[in-house]
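K.L.:
Here are the chains, one letter per residue:
2 protein chains.
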Amino acid sequence: MKKGETLLHIFSQHPETFVSGEEISRSLSISRTAVWKQINKLREAGYEFEAVPHKGYRMVSKPDAIQPVALIQALGTSMMGSRLKVLGSTTSTQDEARALAEDGAPEGTLVIAEEQTGGKGRLGRKWFSPAGKGVWMSLILRPNQPLQDTPQLTLLAGVAVCRAVRKMTGLDAGIKWPNDLLVDRRKICGILLESAAEEEHVRYCIVGIGISVNLDETDYPPELQGVATSLKIASGTTVDRTQLIAAVMVEFETLYELYCSQGFQPIASLWEALSVTLGESVTIKNIYGDEVHGVAAGISAAGALLVDMGDGRQVPVFSGDVELKR
Amino acid sequence: MKKGETLLHIFSQHPETFVSGEEISRSLSISRTAVWKQINKLREAGYEFEAVPHKGYRMVSKPDAIQPVALIQALGTSMMGSRLKVLGSTTSTQDEARALAEDGAPEGTLVIAEEQTGGKGRLGRKWFSPAGKGVWMSLILRPNQPLQDTPQLTLLAGVAVCRAVRKMTGLDAGIKWPNDLLVDRRKICGILLESAAEEEHVRYCIVGIGISVNLDETDYPPELQGVATSLKIASGTTVDRTQLIAAVMVEFETLYELYCSQGFQPIASLWEALSVTLGESVTIKNIYGDEVHGVAAGISAAGALLVDMGDGRQVPVFSGDVELKR
Chain A
1 MKKGETLLHI FSQHPETFVS GEEISRSLSI SRTAVWKQIN KLREAGYEFE AVPHKGYRMV
61 SKPDAIQPVA LIQALGTSMM GSRLKVLGST TSTQDEARAL AEDGAPEGTL VIAEEQTGGK
121 GRLGRKWFSP AGKGVWMSLI LRPNQPLQDT PQLTLLAGVA VCRAVRKMTG LDAGIKWPND
181 LLVDRRKICG ILLESAAEEE HVRYCIVGIG ISVNLDETDY PPELQGVATS LKIASGTTVD
241 RTQLIAAVMV EFETLYELYC SQGFQPIASL WEALSVTLGE SVTIKNIYGD EVHGVAAGIS
301 AAGALLVDMG DGRQVPVFSG DVELKR
Chain B
1 MKKGETLLHI FSQHPETFVS GEEISRSLSI SRTAVWKQIN KLREAGYEFE AVPHKGYRMV
61 SKPDAIQPVA LIQALGTSMM GSRLKVLGST TSTQDEARAL AEDGAPEGTL VIAEEQTGGK
121 GRLGRKWFSP AGKGVWMSLI LRPNQPLQDT PQLTLLAGVA VCRAVRKMTG LDAGIKWPND
181 LLVDRRKICG ILLESAAEEE HVRYCIVGIG ISVNLDETDY PPELQGVATS LKIASGTTVD
241 RTQLIAAVMV EFETLYELYC SQGFQPIASL WEALSVTLGE SVTIKNIYGD EVHGVAAGIS
301 AAGALLVDMG DGRQVPVFSG DVELKR
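Listed in order, the protein sequences are those of chains A and B.
Each residue of the first sequence is one higher than the one before, starting from 1 at the first, in the UniProt record's numbering.
Each residue of the second sequence is one higher than the one before, starting from 1 at the first, in the UniProt record's numbering.
With the rest of the complex left out, here is chain A:
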């Protein structure tokens, strides 16, 4: 990208105007064919050019890349995002964050990627993470608490992202247990909480957050169309990802401080207020093959979903997939 950067420099000197291929060729001491190749490389990176014979190239738009400097300015947090790693393409921000956590990275370290080639979803699924279109990030937490309390953090993460999305877009986002975000009953965000423990003590948690921000319907593979949506599709406008990341970090920090000082109860209340699951008939399947059918009644003190079985029993469910019956 050394040559690509110089090419960008030329266009930044000629905003909105055409620059001839010959002029670029001369400035960079490369052939006309090499100029064309460099332009195409930039197109692949999300830059758009108008090319007109005898006039040359004009830069029409830049990609909406996440800029670390702009993000740092936007953050306004003291801990969350206090250490940043912004990557172009990576296999999975969860794996990047885990490696950092094992190396001793502090609480609040945030890993962001423009693209994930092996993005991970819950229950071993893949997470569709195309370049430049979403917020794919992983946050390191080091809560001083026993392992059995981690389901509470799963719910806290859902509340944080839901509040940020609502504030940024005005969309009526709701939480499907445990922490999927839905708009118009379609998924716009998935959250994956991974944890590492020594016996019963949490060493660290990694909160993976995937928000489908500026995807168009045609960006989705067929199997996701109708199931997934994006903030852009739902709101009709492009959303600034840098500002969205900052908003999520602000909400996360506020809620995490509340959680550390006052415990889980206020988080549970906020979760219940944003839930689209409570009061619904649900079927929950977990990866061990167990199924629970009943009515989602509330959140337990430990962070489990309480399911009314219809026979007076209330069963706590910690993990699984919810199917809402309507």
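Not one of these hints is a red herring.
Below, computed lysine to any residue pairings styled on SDA-like, alpha-carbon distance capped at 20 Å: (1) Lys232/A / Ser61/A; (2) Lys285/A / Asn144/B; (3) Lys325/A / Asn286/A; (4) Lys285/A / Gln145/B; (5) Lys126/B / His201/A.
Residues from chain B that keep clear of chain A, each with C-beta distances beyond 10 Å, as calculated: (6) Thr6; (7) Thr17; (8) Arg43; (9) Gly56; (10) Ile233; (11) Gln265.
Calculated directly from the structure, the hints in this document are not laboratory data.
Virtual Cβ for every residue (Gly too), placed ideally from N, Cα, C.
Since the structure of chain A is already known, use the hints to place chain B on it.
P.N.:
Below, chain B without anything else, positioned relative to chain A:
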């Protein structure tokens, strides 16, 4: 160690006899000083030499190194130890095993080191792991179970090692909750269970096992003398580490199969039979600063220690340090 290996070859051709420095110098085409340096390197690795002026060097003893080939022959298991990584010196076999587990290493993968330079104990402590004197190893498990059941594996590991030690040495080893092994009320083994989870599902567990095998009293730093002991100190004889590792793996495999097919109850019964904690007045401190005082009464279905509080209440304790009052 290329030259060291050739030096070893020379001594293996002259068992029990002296080889002159001049002869070695000639054979390896190195200076007399270089020979002396090579001899010292081997001494550091645990070889012992007698050096007599005008006669040369005689190898007195070889280190009792763990030999992968001999171990594979001794194992007799189908899963535990089916993949082996035997290291000379490493920071921590837990870290090595974790890296392998993240790379997809299968259940039963075993990492062994002759020496750990940063051996880890429970509750953030260090574990003294000098070269060639102990069994320092980490076993990867991938149990298909929820996170809340991992305390059961902590106890299972203690039972497996205790049974292996008893069979190999005849020593009256007992388990201090949760899984320290004591002989003559001094510690001979520590076990550390680390786990990685995705939400409530265990991705893998790493069982770290440190057995002080052939340490002499003088091998211990002052702060461990009187607190720690070794199989050699307690039994009066050197124990074959390769055979001991094989014995632990056999016991582990048997118990793990029992656990996977019949659940925790039979493991709990075996643990209770080997326990030196049950029936004792105990104080248990955890890392959050909580303390519980009472009489250790039994093991709960979830794997917690049940403590009789003396007022009719029985409290389950999952993690902490036990102090036995006598």
